[in-house]
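Based on the sequences and whatever the hints tell you, model everything.
Protein chains: 2
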Amino acid sequence: MLPYQTLIIIDKAGAMPIYQQVANRLVSLIQEGRIQPGAFLPSTRALAEMLQLHRKTVVAAYEELLRQDWVEAIPRKGVLVSKSLPGIKPRSFRPGGQVGGYSGGTGFSFNFVAPQPGIVIPGNKQRLVFNDGFPDVREAPLDLLLRECRRLSRGKAYAKKLVYGGAAGADHLRKSLSSHLSESRGLPIGPENLMVTRGAQMSIYLAAAMLIRPGDKVIVGMTNYRYADLCFEQLGATLIRVPVDECGIDVQAVSDICKKTYVRMLYVVPHHHHPTTVTLSAERRMKLLELIRSRRLAVIEDDYDYDFHYASGPILPLASADHGGNVLYVGSLTKSLALSIRMGFLVAPAEFIEGAARLRRLMDLRGDNLIEEALAELLDNGDIARHLKKANKLFHERRDILCDLLESQMGEWVQFKKPDGGMAVWTVFPSAFSLTGLASRAAAEGLALSDGSAYCSNAPAANGMRLGFASLNGTELKEAVRILRRAALGAPVVPSAR
Amino acid sequence: MLPYQTLIIIDKAGAMPIYQQVANRLVSLIQEGRIQPGAFLPSTRALAEMLQLHRKTVVAAYEELLRQDWVEAIPRKGVLVSKSLPGIKPRSFRPGGQVGGYSGGTGFSFNFVAPQPGIVIPGNKQRLVFNDGFPDVREAPLDLLLRECRRLSRGKAYAKKLVYGGAAGADHLRKSLSSHLSESRGLPIGPENLMVTRGAQMSIYLAAAMLIRPGDKVIVGMTNYRYADLCFEQLGATLIRVPVDECGIDVQAVSDICKKTYVRMLYVVPHHHHPTTVTLSAERRMKLLELIRSRRLAVIEDDYDYDFHYASGPILPLASADHGGNVLYVGSLTKSLALSIRMGFLVAPAEFIEGAARLRRLMDLRGDNLIEEALAELLDNGDIARHLKKANKLFHERRDILCDLLESQMGEWVQFKKPDGGMAVWTVFPSAFSLTGLASRAAAEGLALSDGSAYCSNAPAANGMRLGFASLNGTELKEAVRILRRAALGAPVVPSAR
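Line by line, the protein sequences give chains A and B.
The letter at position 295 of the first sequence is residue 286 when you use my numbering, and the numbering goes up by one with no holes.
The letter at position 197 of the second sequence is residue 188 when you use my numbering, and the numbering goes up by one with no holes.
One thing to keep in mind: the hints can contain errors.
What the hints assert, rightly or not - Only pairs whose alpha carbons sit at most 30 Å apart, straight line, appear in this in silico DSS-like list of lysine-lysine:
hint, chain 1, residue 1, chain 2, residue 2
1, B, K380, A, K147
2, B, K147, B, K166
3, A, K384, B, K147
4, B, K469, B, K116
5, A, K381, B, K151
6, B, K381, B, K409
7, B, K278, A, K68
What the hints assert, rightly or not - Residues on chain B that point at chain A, a partial pick, calculated with CB under 10 Å:
hint, residue
8, V18
9, P28
10, G29
11, A30
12, P33
13, T35
14, I112
15, Q192
16, M256
17, L307
18, G316
19, P340
20, R349
21, I362
Source of the hints: derived by calculation from the structure; they are not laboratory data.
Glycine included, C-beta positions come from ideal geometry on N, C-alpha and C.
Pasting the structure below:
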């Protein structure tokens, strides 16, 4: 007889009924080949004694095994492991007695996904973060959103809406958002031109996956938003880089490349280039539009922080002009609403949206209907417009505070231009200056900070990083720059009296 | 002078400030080539008169254009369109005066995504739905989830957690869910083996995208979950189909194919095969495990409705046995919780999870931290276990009600086997019976129903459909089957006195 008392360990405090635990463990022993087909199990009385369980529990376990066809009951003889099961050679006992599976690697090989630069995630010791340019979740209209969710979830009429929905987003949200975008950004669109996604990144992935085939050439800026680069490369594209200067991406260079070779797509962030925050000049904008029209050049226009602008009104997107149906326009609601709920959108000709929605359905079926419906309500009732107005004022102040601090405290090291909008300052350090060292010294003092690697493309790069100001209030910004300065000096930071 | 009063249409009730509307419209006119570089704009006084606006509004608009570099101001002469802008040949005026862009198709070609069978979405006239097997959102613990979200969003300590998070899911949820799965499903895993996704479909897509390269062979059942088939094909796989009978997928056939050709992957739903709901027999289960181990065959085990079982305890997944690291285990939290929030998971060896998380970051960065954190709390405090117990009892009753009704009311037409678990009955009609006709007659009477196309693979298929019972209560089930019978009879349905 097998030493069942050591093979079947019961967790009496566990959530699973004990008879179920016994049955499952017996299944494992059969599957591992330790109990062979045709072998008798101990009588229920004997096993109950060995395991110190009530006999009824063991009877229930055996009944479960019978129902699942692992065992057969032979009247007056007992219960034996089904003879129809294949015999498995028992494997050597492993240390710890754990059944293998996930503790080692895979048995098979799998596709490669390139390593990615770290996103700054603060540890327990970092109370402050200079992030890539995120809004302040403390200012988010989360209460409004949750209130709306609660209201919707209680309404009888909504039960149907909450279960069923299309891959392009809830109809209500598509309608509200497309008119909101028409009004605020001059986009001549209807709901059929808009798809709600899980955030700008999904919009980029979807648009790119609809275009790129392995070997295709894609033009991006040098530098460029790193996660767009990686996305295009993962889809098989070869990147061609064009310079980015203080007027934005070099449109003449784009034009020259298009003359020489077939280009599948251009990725551009005209409003506030990532990472350097520059705005594409009026002149280049017009040249680019002409190029797009004449070459039928597919373009992903990423406008991730359109809603935040301080120097002038927002610049109209390329997508609002006549582009011959070639501009795929990508935006984010997550950033606009400072929500810890991710949502974005893709604007394109209707036939492209239809295709992208089909692809999205294969990727994750659809979004969260409850939240999409709730957001539509907030768009309709003006809550979102009010939030954006308030947030713009707040982030405008924070930009000014950070820029003043950088000038007065960090002037010896950094070069930067006050950004016209967005939520981060592009800050360039002398080329010999170690950003890794800076980041690790700052981290030790409680400030999480990029080490710059997220902004290096695979070519000579500026030694810079984005300092996000929107999620820190005035006091926090002061403290953060104080730590930054001390870290730059390489000296330990002494806590300030606040 | 251009007829500005017809070219610049102001929406005084719009959300956008009027000066901004004027500026934007002028930008469009410049971009369209209607106002050429070097041309003077009207004086602010003249334009104000033409548009019947206050002169200050036009001044503000011109200042905006100056800031954005569209115009230059020449002292004592006026404001002219920047000479540095490229000249654009004005295009012919279009009917409606709309600037083109999204009303037509794309200028470029794009990748093909195969058409998909319709998911049953009830229209306004359909008050009842036989869906594919969804839980009842009216019974969902949505209040608990939203309460938890509110609590978290108000806690100061959580602000940080809510903004930052990894692509594999919130740490807290990975930890809670992996121990929950270890306890309830016998999976020998830690948080490093688990990734939180946007639902089972995303888990399938991610796992498949990590494996499949164009031309690879993938084994699936005949029939099979249609959206898995489509996903693999979209990724470039060639499907090889093996029979599925009342004992599940034909494992011997899988083995034979593996001997003949290199197979990249097998997709299997051992617990309740989709669509036919059969459970893989104990014998085939053991054979399959042996095959997986010896061939190092990569397997996606889809266990989308594990939490619902009525005939016996839940069957342990393949993933709980020794599979040599080859089983990628996919599950859904959406179905378990009947939430209108989509969430699922993928279980795999740690190195595979790391790769899949990198891929997922390119697809949509990460999940919704707020909801992930809230769900972790509900797992920890036992709310989820309580909900599942209640839901199992309820859906068990509903299964029995539907099966009784089908037998008594639909016996002339349908064949079915009472399912051991899950949320749908696989119902087969005579081969000559038109499901399309049935669905349209039922729809006219208020019952949305599949036309069977979602269950047809691209080969001879059973003339069947899934009738989801979990989201309808007893009264609704009665009414639905009444309509179904009348639709089958081809006769109009008379409303019943309830």
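Hints, one by one, checked against the model:
1. Proposed proximity of K380(B) and K147(A) is supported: the alpha carbons are some 24 Å apart, at most 30 Å.
2. Straight-line distance between C-alpha atoms of K147(B) and K166(B) comes to about 22 Å, which keeps the hinted pair within the 30 Å bound.
3. Proposed proximity of K384(A) and K147(B) is supported: the alpha carbons are some 23 Å apart, at most 30 Å.
4. Between K469(B) and K116(B) the alpha-carbon distance is near 18 Å, which keeps this suggested pair within the 30 Å criterion.
5. Pair hint K381(A) plus K151(B) holds up; C-alpha atoms about 22 Å apart against a cutoff of 30 Å.
6. A C-alpha spacing of about 21 Å is found between K381(B) and K409(B), which places the hinted pair at or below 30 Å, so the restraint holds.
7. For the proposed pair K278(B) and K68(A), the alpha carbon gap of about 27 Å is at most 30 Å, so the pair holds.
8. Satisfaction of the interface hint for V18(B) is found here, the shortest Cβ-Cβ separation to chain A being roughly 6 Å, below the 10 Å cut-off.
9. The restraint placing P28(B) at the interface with chain A holds, with a minimum CB-CB distance near 9 Å, inside the 10 Å limit.
10. With a least beta-carbon distance of about 13 Å to chain A, the hint placing G29(B) at the interface is violated under the 10 Å criterion.
11. With its C-beta approaching chain A no nearer than about 14 Å, A30(B) sits outside the 10 Å limit, and its interface hint is violated.
12. The interface hint given for P33(B) is broken, as the beta carbon of that residue sits about 20 Å from the closest beta carbon of chain A, more than 10 Å.
13. A hinted interface residue such as T35(B) counts as satisfied when its beta carbon comes closer than 10 Å to some beta carbon of chain A; here the least separation is about 17 Å, so the hint is violated.
14. Among the interface hints, the one on I112(B) holds; its C-beta lies about 5 Å from the nearest C-beta in chain A, closer than the 10 Å criterion.
15. For Q192(B), the shortest C-beta to C-beta distance to chain A is roughly 5 Å, which falls under 10 Å, so the interface hint holds.
16. The beta carbon of M256(B) comes within 8 Å of a beta carbon in chain A, closer than 10 Å, and the hint placing it at the interface holds.
17. For L307(B), the suggested interface contact is upheld, since its CB lies about 6 Å from the closest CB of chain A, less than 10 Å.
18. Against a cut-off of 10 Å between C-beta atoms, the interface hint on G316(B) holds, since the closest Cβ of chain A lies about 5 Å away.
19. Given the 10 Å rule on beta carbons, the hint for P340(B) holds: about 5 Å separates it from the nearest Cβ of chain A.
20. Interface restraint check for R349(B): the shortest CB-CB distance to chain A comes to about 4 Å, inside 10 Å, so the restraint holds.
21. Interface hint at I362(B): satisfied, since its Cβ lies 7 Å from the closest Cβ of chain A, which is below the 10 Å cut-off.
The structure shown violates the earlier hints numbered 10, 11, 12, 13.
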